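Engineer: Chain A is fixed; fit chain X onto it per the hints.
2 protein chains.
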Amino acid sequence: MTDDPIPESHRDILDAKGFAHVATLTEKQVLQNSPTWYLWDDERKQLLISLTTGRQRYRNLRVNPRVAACIADPENPYRYVEIRGPVDAIVTDEGNELINALAKKYVGKDEYTRHKPGDVRVVVRIVPERVLCFG
Amino acid sequence: MTDDPIPESHRDILDAKGFAHVATLTEKQVLQNSPTWYLWDDERKQLLISLTTGRQRYRNLRVNPRVAACIADPENPYRYVEIRGPVDAIVTDEGNELINALAKKYVGKDEYTRHKPGDVRVVVRIVPERVLCFG
Chain A
3 MTDDPIPESH RDILDAKGFA HVATLTEKQV LQNSPTWYLW DDERKQLLIS
53 LTTGRQRYRN LRVNPRVAAC IADPENPYRY VEIRGPVDAI VTDEGNELIN
103 ALAKKYVGKD EYTRHKPGDV RVVVRIVPER VLCFG
Chain X
3 MTDDPIPESH RDILDAKGFA HVATLTEKQV LQNSPTWYLW DDERKQLLIS
53 LTTGRQRYRN LRVNPRVAAC IADPENPYRY VEIRGPVDAI VTDEGNELIN
103 ALAKKYVGKD EYTRHKPGDV RVVVRIVPER VLCFG
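For the record, the sequence lines run as chains A and X. 3 is the number of the first residue of the first sequence in the working numbering; add one for each residue after it. 3 is the number of the first residue of the second sequence in the working numbering; add one for each residue after it.
Excised from the complex, chain A in its bound form:
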């Protein structure tokens, strides 16, 4: 366990079922922004998202491994956390562990069932280098 980078006042948002809006940059420095399932890894204090390697976002993070993720309280959109930081690692999602955990969290299923042929799932680990809390 490392020190908690997320203030106690907003800690609950990380366990809620809101989406993380994750902004990245393409190779050409074009901004992208999209809603994303996420999990908070409380052991390592990192934000985890799942991607397939076919996604533009995966290519973006290979070149520009930084994000700004905005996560709002699903009950109150004026209360939110913005997490900015580098990607610590992008690793294969062994046994689909992360995507299955996300399916459990968001749709209540033990397994993620929407894989497409050829999909390679990876885990993106984001370090909350800077955390801003609002509301």
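Don't read these hints as lab results, they were simulated from the structure.
Here are the simulated distance ranges between beta carbons: (1) Glu113/A / Arg116/X: 44 to 52 angstroms; (2) Pro7/A / Lys30/X: 19 to 27 angstroms; (3) Val109/X / Pro9/A: 23 to 31 angstroms; (4) Tyr60/X / Ala18/A: 26 to 34 angstroms; (5) Gly120/X / Asp112/A: 51 to 59 angstroms; (6) Gly120/A / Arg57/X: 38 to 46 angstroms; (7) Pro7/A / Val109/X: 27 to 35 angstroms; (8) Glu113/A / Ile92/X: 47 to 55 angstroms; (9) Glu45/X / Lys118/A: 38 to 46 angstroms; (10) Ile92/X / Lys30/A: 21 to 29 angstroms; (11) His117/A / Pro119/X: 52 to 60 angstroms.
Far from chain X by the CB rule (all over 10 angstroms, computed), these chain A residues: (12) Arg13; (13) Leu50; (14) Thr55; (15) Val93; (16) Glu96; (17) Gly110; (18) Thr115; (19) Pro119; (20) Asp121; (21) Val122; (22) Arg127; (23) Pro130.
A few chain X positions that, by computed beta-carbon distances, are all more than 10 angstroms from chain A: (24) Pro7; (25) Glu10; (26) Leu16; (27) Leu41; (28) Leu50; (29) Thr55; (30) Asp90; (31) Glu99; (32) Ala105; (33) Lys111; (34) Val125.
If you're wondering where the values come from, they're calculated on a predicted model, not measured in any experiment. C-beta: ideal position from N, C-alpha, C; glycine also.
Structural biologist: For chain X alone, coordinates are given in the frame of chain A:
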């Protein structure tokens, strides 16, 4: 009226009361991302947001006048529009016209009442150069 850059299938999202998650870049190319009130200007086909000139985001847009704005259907977070594009203009919000219209849309008041001393309100006009629809 110019051609509509927003497909009919997702046009309703622009009039809904969801938030635009607006990503920008600081002078040092650091990503920022935050939920924002918005209005769709159907005459000019531009996305409008309101800022005070004291905000980091205002300084960002002065240096890097581009955004990626993600707007989800408030009833269905899997259905969303991503609007990427340059800022066409940043102009004074004469008579607080935009911020009052936003207060009307979001909180049902004729006037925005949360001004702070010294606030200068501006209108940011975003051109939807690229529009991606999901869900």
